[in-house]
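From first to last, the protein sequence lines are chains F and G. Letter 22 of the first sequence, counting from 1, is numbered 22 in my numbering, and no numbers are missing. Letter 110 of the second sequence, counting from 1, is numbered 110 in my numbering, and no numbers are missing.
Derived by calculation from the structure, the hints in this document are not laboratory data. Since the structure is predicted, the reported quantities are computational estimates derived from the model, not experimental observations. Treat the hints with care, since some could be wrong.
When chains are identical, the list treats them as one kind, so a pair holds in a single copy or across two.
Unchecked claim - Computed list of lysine-lysine pairs in DSS-like fashion (alpha-carbon distance at most 25 Å, straight line):
| no. | residue 1 | residue 2 |
| --- | --- | --- |
| 1 | LYS256 | LYS127 |
| 2 | LYS125 | LYS271 |
| 3 | LYS299 | LYS274 |
| 4 | LYS125 | LYS299 |
| 5 | LYS253 | LYS271 |
2 protein chains.
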Amino acid sequence: MDNVLPLRKKDFSFEDEIRELTDLCKEDLVSVNTIILDKLDSNVPLVHEVGKYLILSGGKRLRPLLTVSSFHMTRNGTSEIENKMNHIGLSAAVEFIHTATLLHDDVIDESKQRRGKPTANEKWKNKTSVLVGDFLFSRAFQLMTKYGNTETLKILADTSVVISEGEVLELVNDKNLEINENIYFEVVNAKTASLFSAACQVGSISGLGTEAEVNALKSFGTNFGMTFQLIDDAIDYSSNKKILGKNTGDDFKEGKITLPIILAYGRSNDKEKKFWERVISDLNQNDGDFEMALEIINKYQCIEDTLTRANHFSNVAVDSVDIFKDNIYKEKLVSLVTKSVSRIY
Amino acid sequence: MDNVLPLRKKDFSFEDEIRELTDLCKEDLVSVNTIILDKLDSNVPLVHEVGKYLILSGGKRLRPLLTVSSFHMTRNGTSEIENKMNHIGLSAAVEFIHTATLLHDDVIDESKQRRGKPTANEKWKNKTSVLVGDFLFSRAFQLMTKYGNTETLKILADTSVVISEGEVLELVNDKNLEINENIYFEVVNAKTASLFSAACQVGSISGLGTEAEVNALKSFGTNFGMTFQLIDDAIDYSSNKKILGKNTGDDFKEGKITLPIILAYGRSNDKEKKFWERVISDLNQNDGDFEMALEIINKYQCIEDTLTRANHFSNVAVDSVDIFKDNIYKEKLVSLVTKSVSRIY
Numbered sequence: 001m002d003n004v005l006p007l008r009k010k011d012f013s014f015e016d017e018i019r020e021l022t023d024l025c026k027e028d029l030v031s032v033n034t035i036i037l038d039k040l041d042s043n044v045p046l047v048h049e050v051g052k053y054l055i056l057s058g059g060k061r062l063r064p065l066l067t068v069s070s071f072h073m074t075r076n077g078t079s080e081i082e083n084k085m086n087h088i089g090l091s092a093a094v095e096f097i098h099t100a101t102l103l104h105d106d107v108i109d110e111s112k113q114r115r116g117k118p119t120a121n122e123k124w125k126n127k128t129s130v131l132v133g134d135f136l137f138s139r140a141f142q143l144m145t146k147y148g149n150t151e152t153l154k155i156l157a158d159t160s161v162v163i164s165e166g167e168v169l170e171l172v173n174d175k176n177l178e179i180n181e182n183i184y185f186e187v188v189n190a191k192t193a194s195l196f197s198a199a200c201q202v203g204s205i206s207g208l209g210t211e212a213e214v215n216a217l218k219s220f221g222t223n224f225g226m227t228f229q230l231i232d233d234a235i236d237y238s239s240n241k242k243i244l245g246k247n248t249g250d251d252f253k254e255g256k257i258t259l260p261i262i263l264a265y266g267r268s269n270d271k272e273k274k275f276w277e278r279v280i281s282d283l284n285q286n287d288g289d290f291e292m293a294l295e296i297i298n299k300y301q302c303i304e305d306t307l308t309r310a311n312h313f314s315n316v317a318v319d320s321v322d323i324f325k326d327n328i329y330k331e332k333l334v335s336l337v338t339k340s341v342s343r344i345y
Numbered sequence: 001m002d003n004v005l006p007l008r009k010k011d012f013s014f015e016d017e018i019r020e021l022t023d024l025c026k027e028d029l030v031s032v033n034t035i036i037l038d039k040l041d042s043n044v045p046l047v048h049e050v051g052k053y054l055i056l057s058g059g060k061r062l063r064p065l066l067t068v069s070s071f072h073m074t075r076n077g078t079s080e081i082e083n084k085m086n087h088i089g090l091s092a093a094v095e096f097i098h099t100a101t102l103l104h105d106d107v108i109d110e111s112k113q114r115r116g117k118p119t120a121n122e123k124w125k126n127k128t129s130v131l132v133g134d135f136l137f138s139r140a141f142q143l144m145t146k147y148g149n150t151e152t153l154k155i156l157a158d159t160s161v162v163i164s165e166g167e168v169l170e171l172v173n174d175k176n177l178e179i180n181e182n183i184y185f186e187v188v189n190a191k192t193a194s195l196f197s198a199a200c201q202v203g204s205i206s207g208l209g210t211e212a213e214v215n216a217l218k219s220f221g222t223n224f225g226m227t228f229q230l231i232d233d234a235i236d237y238s239s240n241k242k243i244l245g246k247n248t249g250d251d252f253k254e255g256k257i258t259l260p261i262i263l264a265y266g267r268s269n270d271k272e273k274k275f276w277e278r279v280i281s282d283l284n285q286n287d288g289d290f291e292m293a294l295e296i297i298n299k300y301q302c303i304e305d306t307l308t309r310a311n312h313f314s315n316v317a318v319d320s321v322d323i324f325k326d327n328i329y330k331e332k333l334v335s336l337v338t339k340s341v342s343r344i345y
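Next up, chain F with everything else stripped away, as it sits in the complex (with noise of 0.2 Å):
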C-alpha cells in the first residue's frame, strides 16, 4: 500500500511517539496516576479490584495524555496557574469516563478479550462490569466538581450524554449494512473523538488559553480521534498481525459494522452482498471468510479510501495547531497524529 498514500514509514512508530510525549509529560502523569490510584479505592474491594483491572492493563493513557500536553501547549512556560492541580484532576476524570464506557462497550459488544487479557465481564459476569461502570462513572464527576469550574464541568457533561447517545446509535445500527458513511462518522465523532475532543478543552482552559486557543485544540482533538478511530477500523483488515494489542479480524468475528465494510458493501456486487449479509448481519461465519472479506474489501480499495478519509482528519487536526508558535508540545503533538496515521503500515 506504500504507492497508494503519499505518508511512508518512518524510522519512528506511533508508540514511539506516544512514549516520547509521555516522557514529555512525565512529572504530571505520575500525579494523574497518583490520583486514579487513590480515586480507584472503595470500601468494597470488588470496586477496587476491578476498577484496577482494566484501568492499570497498560492503556496508553492517550486522553490524559491530551489534557496534560494542551495545558502545556496554552500555558506555554509562562502563564501563572492559580491552582496547578485542576488539569491533573481532570485528566484523571477524562480517564475514569473512558474507563467506564470500556466497561459498558464490552458488555454492549459481548467481547472477550481486550488489551490482550479476558474482559472484565468475562472475569466477573456483566452485572459488575455496568456497576464498576457506574463507580468509575460517578469518581469521574466527583473529580471534576473538585477540579473543573463551570466552563470544564459543562463539557464533560456534555460529552458524557454524546458518548452514551452514540453508544444507542450504534446499537441501533448494529449489523445494518446500509448505514451510510454519515452515520458512522456521526458514531465514531461521539464514542471517540468527542472524548479526545474534551481532554484538550479542559487541559487547555486548566492552563488558561485564550478562546481561539481553546477552540483550536477542541479542533485538534476531535479530528485527532476521527483519525484514530478509522485508523483502528482500517488495522482489522490489514495484513499487519499484531499491532497495539489489537488483532486483525476481532471486528470482523464481531460483525461490527466500520468503514471499510460500509465501503465494500456500498460497492459490492448482488452475489458480494449477499455474502456480507450473511456473515455480518447473521454473524453466520465459516472459515475462509475472512480471507473472501479481505479480498473484496482489496478489490473495491476499501482500505486505501478509508486511510483518505482518516488522512483528511489529520490534515485537518495538524493544521488546527497552527495558530500556536512552535514548541516541543506542539511538535509532539503534530508527530502523534501522523503517525497514527502510518501505524497501519
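Add chain G to chain F, keeping to what the hints say.
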C-alpha cells in the same frame, strides 16, 4: 398485626399523603416535569423512547417531592431566592439519577416487571437499558452543572459514588443468607437512603437554609429512606396482595435477601435453614415454598421486627425536623413518614 405495633390504620393512606404533598408543591412539580420532558429529548429516537417509557410510567416522583418540600421548608415563604430554578433543575437531576439506577438495577436483577409493566430490559434488551441508563445519568450531571453550586454538585456526585458502591456490595452478597443486618443496612443506606438524603440536602441548600436546617433535612431524608425500604421489604411478605404496584412475593421469587429473610434465617432451626438455602441460595423453588417461607417468617415474628426497625428510623426522621417552626410542609413531611410505616396494614 395491629396489636403488635402502636400504629393504627387511619383514614389516610400513604398514597393519599403523597397526593396531598404533591398538590401542595404542584406548581414546582409542573416545572420539574417540564424540565424532565425537555431533557429526555435526544437526537437518537430510541434514547427518548426508552427514557420516556420509564420516567413517565407513573412513578411517585417521591425524590423531587423531597427536594421541593425541603426547599420550601427552609425558605418558609420569606427568604429572597436569587435563582428560583435551582431547586427545580436539581429535582429533575435527582429523578434522572434515580431512573438511571432503576434501569441498571433491573438489568442486574434480571427483573421482568416494574410498576405493573414489562421492564425496559424485557422490552428492549439489557444493552439498551445499560446505555440509556448512562444517558440519563449524564443528563443528570448536565442538569447539576447548570443548576447546582459547588456544594450541591459535591453532594450529588458523592451520592452517585455511594449508590454504585452499594449496588456492588449488594451484588457481592447476592443470595448470601449469612449477610448480617449491619451490612444489609449499609446496602439500604447506599442504595435508597443516600439519594433521599441528597434530595433533601440539595433542596434545602437551594432554599438557602442554615447549616442546622440542611443537616436536619439530611437526617430526615436518610431516615425516611431507611424506613421506606424496610417497609418495602416487609410488604413483600405481607398478606396484603397489592400495594403501590408491588406484588407480594416478588423479592422471594428473585431470591432477594431482605431483612425479613435475614432475621428468619438467623432464627431458623437446621431443617428450616436447609429450606432457605434451597429456595434462596439455590433459587430452587416449588409450589408451596412461598407459603412455607411465610410460615417460618411469621413463626419467628420477622415482619414485626422489620417493622420495629422501620419504626426506629421513622422516629428519628420525625425528630430530625423538630428544629423547624410548624409549617404546612413540615406537617406533611411528618405525615408522609408516619404513613409510610402504616402502609403495610
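I'd like to know which numbered hints this structure contradicts. Please list them from smallest to largest.
2, 4
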